[in-house]
Amino acid sequence: GENVEQHPSTLSVQEGDSAVIKCTYSDSASNYFPWYKQELGKRPQLIIDIRSNVGEKKDQRIAVTLNKTAKHFSLHITETQPEDSAVYFCAASRDNFNKFYFGSGTKLNVKP
Amino acid sequence: EPEVTQTPSHQVTQMGQEVILRCVPISNHLYFYWYRQILGQKVEFLVSFYNNEISEKSEIFDDQFSVERPDGSNFTLKIRSTKLEDSAMYFCASTRDSEQFFGPGTRLTVL
Numbered sequence: 001g002e003n004v005e006q007h008p009s010t011l012s013v014q015e016g017d018s019a020v021i022k023c024t025y026s027d028s029a030s031n032y033f034p035w036y037k038q039e040l041g042k043r044p045q046l047i048i049d050i051r052s053n054v055g056e057k058k059d060q061r062i063a064v065t066l067n068k069t070a071k072h073f074s075l076h077i078t079e080t081q082p083e084d085s086a087v088y089f090c091a092a093s094r095d096n097f098n099k100f101y102f103g104s105g106t107k108l109n110v111k112p
Numbered sequence: 113e114p115e116v117t118q119t120p121s122h123q124v125t126q127m128g129q130e131v132i133l134r135c136v137p138i139s140n141h142l143y144f145y146w147y148r149q150i151l152g153q154k155v156e157f158l159v160s161f162y163n164n165e166i167s168e169k170s171e172i173f174d175d176q177f178s179v180e181r182p183d184g185s186n187f188t189l190k191i192r193s194t195k196l197e198d199s200a201m202y203f204c205a206s207t208r209d210s211e212q213f214f215g216p217g218t219r220l221t222v223l
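Sequence order for the protein chains is A and B. Note that the working numbering numbers the first sequence so that position 105 is 105, with each residue one more than the last. Note that the working numbering numbers the second sequence so that position 9 is 121, with each residue one more than the last.
If we strip away everything but chain B, and leave its shape as in the complex, we get:
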């Protein structure tokens, strides 16, 4: 059964550095998402992406964040100048209707 994949599983970075989190959605899916979960808190929506552009973004998704689909398979989340409070689990998801399929997540630790 096809699955959403994410790399890396764990990323450690210094405050102020840029990170790129990578996702490969399920191949025939049309909508892609990024969510994050700060330890002990709810899973929160960051951004949705359709037809090569952002369809919606939350107030969390400020100028520090960007998303890209650089080729036919990858979907990336870039965080510029990371802050301590960016430490969280980041989940990618994709869908072709209502059910969203989640990747295993990338744990980002900002030191």
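Here chain A stands alone, though its shape is the one from the complex:
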């Protein structure tokens, strides 16, 4: 089955700096890659996603890049703010309605 690896497990940046979180996947049939943000004690919430027919997607300060050949995808957060502090999870899935395989999570700490 699919195996999703996520790095780093913790990331500390200064406010205003950029943060990059990387994930790799093993199943070439995976074609949907969401990123979830989970604040302490709250539910995971989708922040951005990308499909395998697209190499990059951007939404304001957040971007995701996908390299299908290398089977890796990354989350980029620019101009980080303290409210970006949370745990971020990547995931991979084969099709609509299919189960998600999650990465192990990255705890991002943005220092003011």
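Note that these hints are calculated values from the structure, not bench results. Computed from a predicted model, the values in this text were never measured in an experiment. Note that the Cβ used here is the ideal one computed from N, Cα and C, for glycine as well. Don't take every hint at face value.
To be verified - Here are the computed lysine-lysine pairs in the PhoX-like style, where the Cα-Cα straight-line distance is at most 25 Å: (1) A:K22 - B:K154; (2) A:K68 - B:K154; (3) B:K169 - B:K190; (4) A:K42 - B:K154; (5) A:K111 - A:K22; (6) B:K190 - A:K42.
As the list claims (entries may be wrong) - Over 10 Å on every C-beta distance to chain B, these chain A residues come out as not near it, computed from the model: (7) L11; (8) A63; (9) N67; (10) H72; (11) S74.
On the provided structure of chain A, position chain B as indicated by the hints.
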């Protein structure tokens, strides 16, 4: 904005007891899921449910577990004869296409 809800937020039970975790998916969603997260580990898929039956289950989802949609709104996960290793956060999710919307989770503690 509609949200997935889960009850209870925290359940403490004795080993060997049965627990039922409840979820109310978003009303026009078609697929429902249960995931679990043992402390410090990955979120893991347990089971998916569509059209009133299980569509897929993981190897974790053994005979100890069952799911049900007893009415038009609730989606439940039953764990029979709980074990210490069942202690985890259990998340319910629902979708009508690709994005899965997660509930806030139920923290299950088995003593």
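Results for each hint:
1. A:K22 - B:K154: holds (15 Å)
2. A:K68 - B:K154: holds (23 Å)
3. B:K169 - B:K190: The hint holds at about 14 Å.
4. A:K42 - B:K154: With Cα atoms ~16 Å apart, K42 (chain A) and K154 (chain B) stay inside 25 Å; holds.
5. A:K111 - A:K22: holds (21 Å)
6. B:K190 - A:K42: holds (23 Å)
7. L11: Non-interface label stands for L11 (chain A): nearest chain B Cβ at 17 Å, farther than 10 Å.
8. A63: holds (18 Å)
9. N67: About 20 Å separates N67 (chain A) from the closest Cβ of chain B, which puts it past 10 Å; holds.
10. H72: The assertion about H72 (chain A) holds, with a minimum of 17 Å to chain B.
11. S74: holds (18 Å)
Comparing the model with each earlier hint shows no violations; every hint is respected.
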